[in-house]
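Peer 1: Residue numbers (this note's numbering), protein chains in the order written: chain G, 1 to 387; chain Z, 1 to 387; chain W, 1 to 387; chain X, 1 to 387.
Simulated from the structure, these hints should not be mistaken for laboratory data. A portion of the hints provided could be inaccurate.
It does not matter which identical chain is used: a pair holds within one copy or between any two.
Pairs of lysine-lysine, DSS-like flavour, derived with a Cα cap of 27 Å [what the hints assert, rightly or not]:
| hint | residue 1 | residue 2 |
| --- | --- | --- |
| 1 | K374 | K205 |
| 2 | K197 | K286 |
| 3 | K325 | K279 |
| 4 | K317 | K178 |
| 5 | K31 | K79 |
| 6 | K42 | K201 |
| 7 | K94 | K79 |
| 8 | K386 | K374 |
| 9 | K94 | K31 |
| 10 | K278 | K148 |
| 11 | K286 | K331 |
| 12 | K79 | K27 |
| 13 | K270 | K168 |
| 14 | K270 | K79 |
| 15 | K27 | K96 |
| 16 | K178 | K96 |
| 17 | K31 | K317 |
| 18 | K270 | K205 |
Source: prediction; values computed, not measured.
Number of protein chains: 4
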Amino acid sequence: MIRFLTSGESHGRCLAAIIDGMPYGLKISEKDINLELSRRRKGYGRGERAASIENDIAEIVSGVRQGRTIASPITILIKNRDWQNWSEVMCLEKMKFDKRFIMPSARPGHADLAGYLKYDSEEIRDILERASARETAARVAVGSVCKKFLSEFGIRITSYVKEIGGIKARNVNIDIDKIISASEQSPVRCLDSAAEKNMIKMIEKAQADGNTLGGRFVVVVSGAPVGLGSHAQWDNKLDARLSLALMSIQSVKAVAIGAGFNASELSGSKFHDEIYYKKGIGYLRKTNNAGGIEGGISNGETIICDCIVKPIPSLKKPLTTVDLKTKKSVKAEAVRSDVCVVPAAGVVGESAVAVEIAKAFTEKFSGDTIREIKRNFSAYRAYLAKR
Amino acid sequence: MIRFLTSGESHGRCLAAIIDGMPYGLKISEKDINLELSRRRKGYGRGERAASIENDIAEIVSGVRQGRTIASPITILIKNRDWQNWSEVMCLEKMKFDKRFIMPSARPGHADLAGYLKYDSEEIRDILERASARETAARVAVGSVCKKFLSEFGIRITSYVKEIGGIKARNVNIDIDKIISASEQSPVRCLDSAAEKNMIKMIEKAQADGNTLGGRFVVVVSGAPVGLGSHAQWDNKLDARLSLALMSIQSVKAVAIGAGFNASELSGSKFHDEIYYKKGIGYLRKTNNAGGIEGGISNGETIICDCIVKPIPSLKKPLTTVDLKTKKSVKAEAVRSDVCVVPAAGVVGESAVAVEIAKAFTEKFSGDTIREIKRNFSAYRAYLAKR
Amino acid sequence: MIRFLTSGESHGRCLAAIIDGMPYGLKISEKDINLELSRRRKGYGRGERAASIENDIAEIVSGVRQGRTIASPITILIKNRDWQNWSEVMCLEKMKFDKRFIMPSARPGHADLAGYLKYDSEEIRDILERASARETAARVAVGSVCKKFLSEFGIRITSYVKEIGGIKARNVNIDIDKIISASEQSPVRCLDSAAEKNMIKMIEKAQADGNTLGGRFVVVVSGAPVGLGSHAQWDNKLDARLSLALMSIQSVKAVAIGAGFNASELSGSKFHDEIYYKKGIGYLRKTNNAGGIEGGISNGETIICDCIVKPIPSLKKPLTTVDLKTKKSVKAEAVRSDVCVVPAAGVVGESAVAVEIAKAFTEKFSGDTIREIKRNFSAYRAYLAKR
Amino acid sequence: MIRFLTSGESHGRCLAAIIDGMPYGLKISEKDINLELSRRRKGYGRGERAASIENDIAEIVSGVRQGRTIASPITILIKNRDWQNWSEVMCLEKMKFDKRFIMPSARPGHADLAGYLKYDSEEIRDILERASARETAARVAVGSVCKKFLSEFGIRITSYVKEIGGIKARNVNIDIDKIISASEQSPVRCLDSAAEKNMIKMIEKAQADGNTLGGRFVVVVSGAPVGLGSHAQWDNKLDARLSLALMSIQSVKAVAIGAGFNASELSGSKFHDEIYYKKGIGYLRKTNNAGGIEGGISNGETIICDCIVKPIPSLKKPLTTVDLKTKKSVKAEAVRSDVCVVPAAGVVGESAVAVEIAKAFTEKFSGDTIREIKRNFSAYRAYLAKR
């Protein structure tokens, strides 16, 4: 069973992750992880930090030997390249530090106040350091290993942006290869070049206003076989598990599977995907409104997860809040920050999805070695071909 | 730790649920459960089965003694009142049955085909019996116990319908008491009487067409304290956990927290909820777009979960599919069925939410006895009053 | 993933269990379960209740259809055949009952006092009803399904008694078939007929004295392949998981794997099992002190779990305790009870072990259908033959 | 909920652990961890590696700030101080290394062969590196944090050695302070100085013979309140959970709670612990054969876990095994190694126990902040005083 924990504070020494249960014999290197980390940093509208300080380099310090996994837990560290500037504030031991680092008030939209009250914490920094979306770098590291694993079985995962700040891209119906190449080339990971231009303008306007923008991204999983997840118990359903993983991303506020966001407007005869059979291939669907999952089980079509991202709450032109000591109304701290993280959130979403698909995949085809899983998977495909 | 499993087939002997970890001393009776079960059956647009055969009666057969829980697992059974008509088809032992009960083809939109292939099953019935939304009766039974538990601490949960078949209700800003009374009185659980009329017309039209309708419901949690869930690890976030629970409901295809469905259109300065302080009450928000959860932690505001429901896939005027033996194109089985389950899905949603809130609540305030939890909860509220 | 919950009070309406994750296509009937339940009731030294009232009959009320499992959760009910005598004391609703059923003091050796204090309970009965070893009937029901599952793959599980009340049986080195036949024929499940006689005498003496006896049983798993469990993370080790399952049995106070109880006395050169190779069979061990598990992984030898059982704490000649109201020293309630449950505990132990082996087995060979697991398992055996 | 994963290979770059769910506000430093790590290395009979190369230093790289935990996951790294000698063999990337590091045969008593077959691994080293007891250093690091947490509530945990290589110490009945001071002073952590001498002689003899010795250690938990764990579900029982944790230690082959190893020999009237009441203190037991746990719940007495340790399987005078290529009989690799690890295993056992007690403690008294837990715990004690 694949499981993982992440750790690390935004300005701490490092981010870390331990992935337990990755099968034996997966060829993997730090490059595979760093590639995904660099994809996470990109996207028009990211601030300076993402571009420079966050130039993350992952180190694998356990679980991989001689070029492949050895079934023992994989540890990944991502060191904070700016640690020297934070070693006092974030010191392990009690130590004096510049009091300007103490936040006097909680920023709306962050975990600040809820965490401060829940944990009876001395300082909001104790909460915000972990609640920060910086943590998603560790999750992308985990996801990149799962992506590599899935690629051994022809499963590919990518994402693209459908909307930023109200600017909607047209729907395009292209295959995964084209989605990958088009999204990687676009500064906002958008497949519609007309919308792309407007999105960029919108970001520039928001930047000028000291404001931020949300949007919508789609994660696409191509090549997943029929039969991942289960209908039999509520918490085994693949769509439910994907939702947990995606909603746990800091800025995601809504998750849909397939055409879920439009499901309230379409009648049953329009929404559901009719079935046909193609010799040599098997059962297929004419449409894919279900997003590749029916009854909590993958149905062999492309898995589609559609997510809405809130505008990030760190504003240059800050919102009203309360001073924690005086209880008086004040402006929240103005933080240099990103204007729009939707493209990056999509990359994080890919990782969240990759983990859940990898989990479900190893549940179905065993979790011990790449060779064994391939054997079991081929036998299953041979069985499917005969059904 | 509260956890539960449900079991039972749609036309089997009974549905069952075991709830483990419910604290000692909760006053509960079968009436509390039956009330929620009857709410689940209602709603304009339900078919005959819901109204008659599904006249469910829950039996508590363990975990409650002398009027209150005794900390041992609670077992709830809901017998199939129509069992005599299914005792051959669903017989425990191998037995001849009327072959008309064997479905020759998989219905689009159901688990039928994916399950049939995953489980190498002899018959689609082996899958559909468990994948059916009938299972949600067991989940409502579980949720009703959790609702009763939460009510001891002033936490109330209800739901209302925001949209059916494209007919949208106006936004209303009313308190939980009014939501409860208005939703219970409306045949479609809608708070906007103008929209209600159009929704009913829409349902009647769909019925005449042999079609079905989806929609959108909102679950509202009033009285939840600040501090449920955690920002510290991805799978402890309250919003993520709620998403899993809600997306696991058979017809739900999209889940948002708060104003999540609109988050892509609002700028940061519009979306985030400014904070103020009211003496004697504490920290409050001017708006509630966050839906009561920031950073994965409840912030003391009303928790709002917004869900989109697909039109149910059992159509009187059936879709095209494939005969499993001949692989030829055929029409799916026409099933007498509901036209619109959105109001009922909302009631199920309440239960899904109740379970997750109860879990998070017992994690925060201990899980042993109502008396102890009240003691811990009061002490926490006294602490909050001083922060 | 196989998981289960049990429920039910000793004198409640029924015991229940839900088993989630059992693969599709396992042929099973109530007889398979009832056979194991009857084995649990036997054993020289059991009281009247075990022999008569506990004449348990299991009902499968979900998860099985037309003679085989259908991948949906299996629900098993075991009704209390003496319910009419307990319907007032154990009434779901608040109701008057004979106050003689209220225990004025906590019995040493039971959960009584610890539970009474932990749960702030009104009555000790609220605790003892669930803490009772009666619950193990539900666990045997679960185990019997897992045993049936394992038998499909040539894995067999039995138990025998090694010691009762200090009377030790000689070690015998016989194969699983002989262990099964000999243990089933012995009234104390003992393989050494000389010791058996002394054990019976010892039990009779204890009975005359109003006393009880503990002992030691061994669970034997034959046919488990190399490769169940994992060395990679502490909680995945097969021996650790077996220990949890066995120690959770009410009367078990010590668990050893293989020759574990003697491991402190043997030197390394005596304890460890040398390896040899036999063409056509593979790697073998000359001895089996490891009990079939090395490094948390099954090694292909017979898995042996050795358990010590305390004398049951319900004594006819009761121990000293304290009146809960007056705090004065009193004698505990004298309860008609079993004198020795060691043989029965062994049968329960088989079930505890069966569940854990079945879990580990489905993790290794997938958990979806008997047919698929057989395919994966054969392929693994073919691979092993070539290593 | 406290949970953790460890990672790292014996000769890899580092060991690591992530502890999730540790409450806010625990004062902790690397010294607290290093102290326990140094205790683990000690004990007469350890080889050179333990004494020198394993001079472990823990680094906390997340989860602690300004001297106390901040509720975010704690990451601990223990770097391999001998890494430069292993950087080729254990290289992350495929790289040539001295083929003498390739083990041609599997050592009896290790995970070697079972792991090699299960994981279809190219080399035994891929398995042994993780299966090594070196991993317990990471577990001790985790345990040391839990011990620190428990010490805030007056709960102390220590261990002593009861037997080595068949030499048994006399039973002593002393309080925790004396056990701590006596065990820390003894080179074999033995409380009986006569036995200590014989144990040392035994170790010297084994060393001369190229042999190894097992033994028995006891973990003692003083100050645990009544009410940890639960009787209500099999996997919540405190004794069962302790068993899993202890049996997962590499060399442990048997676990008993209290006088469990003798439970088969004592009659019920001798085994069970009579109850009395002392004003101002509460309910007490005259004896403690139950080892502080009844019905899966701590009863307020000292918790006692008794473990038997096998002689470690790395022998200077090696056992017979099979060459993996030729399948011919050969001698296993002779490894410089420890002769006796029983005292060290006891220290590891303390950590295993500390984690489980800390888990159960936070389940009972909430898991958010030291201050809140103290508040809840005091209120519980005040309640207990009135019962």
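Peer 1: Run through the hints listed earlier and report the numbers of any the structure violates, in increasing order.
Peer 2: 1, 2, 4, 10, 14, 16, 17
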